[in-house]
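Participant: Fit chain B with the ligands to the given chain R structure using the hints.
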Amino acid sequence: MPPTVKVMRRPEGVRTSFLRATLKGMALTFKHMVNPNKITVQYPEERMEITPRWRGTHRMETHADGRPKCVACGLCPTVCPSNCIRLVGGEDDQGNRYPIVYEIDEFRCIFCGMCQEVCPVEAIHVGVHYENAEYTRDRFVYDLDRLMEQDHPTSLLWDPSDPKSE
Amino acid sequence: MSDQQTPNTVTFTLDGQEVTVPKGTTILRAAESIGIKIPHYCFHPGLSSPAMCRLCLVEVEGWPRMAPSCKETAQDGMVVFTNSELAQKQRTGVLEFYLVNHPLDCPICDQSGECDLQDYVFEEGREHGRGREPKRVLGRDDFGGDVLFNGDRCVMCTRCVRFMREVAEDERLCVVERGNRAVIDTFFEEGLEGSPYAGNIIDICPVGALISKDFLHKARAWDLDRTPSVCPSCSQGCNITLQVRDDLVQRLKPRENLEVNGWWMCDFGRHNYEWMNRTDRTEVPMVRGQEVGWADALGDLLQALKDAKESVKAVTWAHAPNEEMGLLSGLLAELGGGEVVYRSPRTEGEVPLPGFPLLARREDLAPNVNGAEIFGFRRVGDNNSQGGLDELAGHDGVLIVVGDPIEDYGEDFGSKAELYVYLGSYQSKTASNAHFVLPITTFAEQEGTYTNVQGRVQRFWPGVRSPASARPGWLILGALVAELTGTEAPVSADQAFAKIAEKTSEFGGITYRDLGPRGAVAGKPAGVSGD
Ligand code: SF4
Ligand code: SF4
Ligand code: SF4
Ligand code: SF4
Ligand code: FES
Chain R
0 MPPTVKVMRR PEGVRTSFLR ATLKGMALTF KHMVNPNKIT VQYPEERMEI TPRWRGTHRM
60 ETHADGRPKC VACGLCPTVC PSNCIRLVGG EDDQGNRYPI VYEIDEFRCI FCGMCQEVCP
120 VEAIHVGVHY ENAEYTRDRF VYDLDRLMEQ DHPTSLLWDP SDPKSE
Chain B
0 MSDQQTPNTV TFTLDGQEVT VPKGTTILRA AESIGIKIPH YCFHPGLSSP AMCRLCLVEV
60 EGWPRMAPSC KETAQDGMVV FTNSELAQKQ RTGVLEFYLV NHPLDCPICD QSGECDLQDY
120 VFEEGREHGR GREPKRVLGR DDFGGDVLFN GDRCVMCTRC VRFMREVAED ERLCVVERGN
180 RAVIDTFFEE GLEGSPYAGN IIDICPVGAL ISKDFLHKAR AWDLDRTPSV CPSCSQGCNI
240 TLQVRDDLVQ RLKPRENLEV NGWWMCDFGR HNYEWMNRTD RTEVPMVRGQ EVGWADALGD
300 LLQALKDAKE SVKAVTWAHA PNEEMGLLSG LLAELGGGEV VYRSPRTEGE VPLPGFPLLA
360 RREDLAPNVN GAEIFGFRRV GDNNSQGGLD ELAGHDGVLI VVGDPIEDYG EDFGSKAELY
420 VYLGSYQSKT ASNAHFVLPI TTFAEQEGTY TNVQGRVQRF WPGVRSPASA RPGWLILGAL
480 VAELTGTEAP VSADQAFAKI AEKTSEFGGI TYRDLGPRGA VAGKPAGVSG D
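As given, the protein sequences belong to chains R and B, one line each in that order.
Under numbering that gives the first Met the number 0, the residue at position 13 of the first sequence is numbered 12, and the numbers go up by one with no gaps.
Under numbering that gives the first Met the number 0, the residue at position 265 of the second sequence is numbered 264, and the numbers go up by one with no gaps.
Next comes chain R alone, as it looks inside the complex:
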């Protein structure tokens, strides 16, 4: 059975004007056109400024010769509350300990920043960055090369003028 429509008739003899409501609406529109406090940001031409303590996708710092700073100490996979860092350590030809495999699953990450805090050599950092769109889910497991390629600023984690948040 098709749905039936109940037709409400306008009461006879009552006249209605839409003019007043229309003018009211237009007034509001014009008011905002000239309002100096603009809220809308014209993304992507314009970008919002984000706080230096923002915690976004990670970045691995590198030495001048392009090697990752990470020494595969195993602290970040240990501290990570969401268990999203995979690390396999090894030794390179100069006898330096380095990560053979270092991966972060950015989807499981909760961006707590503890990996950055715990890292003894300031290698892994969370980043001041929010544009992470990808076409596929698996691209969100960032491997070592990807983490080293990222070039956005790294997070401060705490306010340098008030490091203990007192």
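Keep in mind the hints are simulated off the structure, nothing from the lab.
Because the structure is a prediction, the values reported are computed rather than measured.
Check each hint, because a few of them may be wrong.
Unchecked claim - A short, non-exhaustive set of chain R residues, derived as facing chain B with CB atoms under 8 Å:
no., residue
1, Val70
2, Gly73
3, Gly94
4, Arg96
Every residue, glycine too, gets a C-beta built ideally from N, C-alpha and C.
Facilitator: Then chain B with the ligands, alone, in the frame of chain R:
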């Protein structure tokens, strides 16, 4: 407490507690016996104490200076403080000296997480170093064998030197130079190469100065799951811990048992663990080539065993635990008797550890030769655990294989058998004719016991998860025996052991509870063990 005092004990006060210990006990050992840990480096229970690390100093009332608790024996009426302000200040001070040249490279040090320097400094060290001078840098030295030396991390406790001198009695290490420039070094070019017990110095080194090449960077200490076990590489049966990460055995470490191996184990046993991580495993029960569930497989097998007319022959290996062997022999008894043969690798000559005469790497390179002998199994095959099964290969009756993958025979092994049952952990071409292939767990994956060369029955525990639906051999054999005899099937390893102990006089009267973590000698009353 003082009323228990006999001429052979002394009573003294330790941190306000009254302690009675045998005469001649050092303060450090007395403190340990009541659970007070005094930090120390140079003292090791298996070595002499030179009292040279100065970390264990304690305050004794009325004494002009602090006493090294590792050397000083407790005296009647002594009043000792291990944690007084002075003692703490002393330790903080000594630790500061230890860090003068220490690189503090915990992030790349394999000892990190199980390092005494890390622990002590974390507990009582200074928060910030005050050193201004550059640190001495020595770098890394290959000591030969499995041992890598990081001179910068050394705390000069000389445990390694004393182990080689007093226990291995194969003096290859020494302290070179004096004072601030002192460093451990090898005498000869070959270093520790070829010394069969040298791996122990890695264990006793309290810091990361001596590390294992084999384990280098493999896992962090805190990532490892540790399970008490028994070394399966010879019939000595050293007590060990399996150290496992991601279900793979990463290394073996000795576990203290004064009746068997002290604190030590041999390098052969220590490094013979790769096979525990073998991946070519049997995973699901197969009956005549079809994958089936356990209930069906066991039901069919029981029927097939009942229907079988011909004589039974069985083969196992000396890696099978007592439970598996005992129940196999029980099964054969129910099937009208039959001979069980076993194979075990063997080598010529023992490798003794001179400073600890109980321990030697034995000639039989499998853990349970004694068990097999107790059950009356006949040994066949050569010293490489090969051959000797020709008679079984063509046997036309019932053929039961437990454990041994029989990799030295061809695909026609058991082709003539009326019924061929293969209970094994590994895939093998000799299993291709088997009517029943039942996957069993390895020793690392199950609970059980081995009987070592001294007749000591020792327990091991599961440290690794078994693949797919493998089951312990005793569970399968126990269920079959129970069905044939109309008794209750054992559902735990201790029940399985109780079952075999009923029938085997050598195990009479021992239960898992008596065995504890350090085992007991079969045939002797429980409680003779070392703890
Ligand atoms: S930010 Fe937190 S959750 Fe994310 S990887 Fe680091 S420690 Fe793990
Ligand atoms: S904490 Fe730093 S050095 Fe350690 S594994 Fe993580 S990134 Fe590497
Ligand atoms: S290498 Fe280790 S065991 Fe040997 S003296 Fe140094 S700290 Fe002690
Ligand atoms: S002596 Fe035997 S039981 Fe002990 S560690 Fe060596 S192989 Fe293993
Ligand atoms: S343990 Fe006593 S001085 Fe070293």
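Participant: Confirm or reject each hint.
Facilitator: Against the structure, the hints:
1. Interface restraint check for R:Val70: the shortest CB-CB distance to chain B comes to about 5 Å, inside 8 Å, so the restraint holds.
2. For R:Gly73, the interface hint holds, the least distance from its beta-carbon to any beta-carbon of chain B being 4 Å, beneath 8 Å.
3. Hint status for R:Gly94: holds, given a least beta-carbon distance of 7 Å to chain B, under 8 Å.
4. The beta carbon of R:Arg96 comes within 4 Å of a beta carbon in chain B, closer than 8 Å, and the hint placing it at the interface holds.
Hint violations for this structure: none, all hints satisfied.
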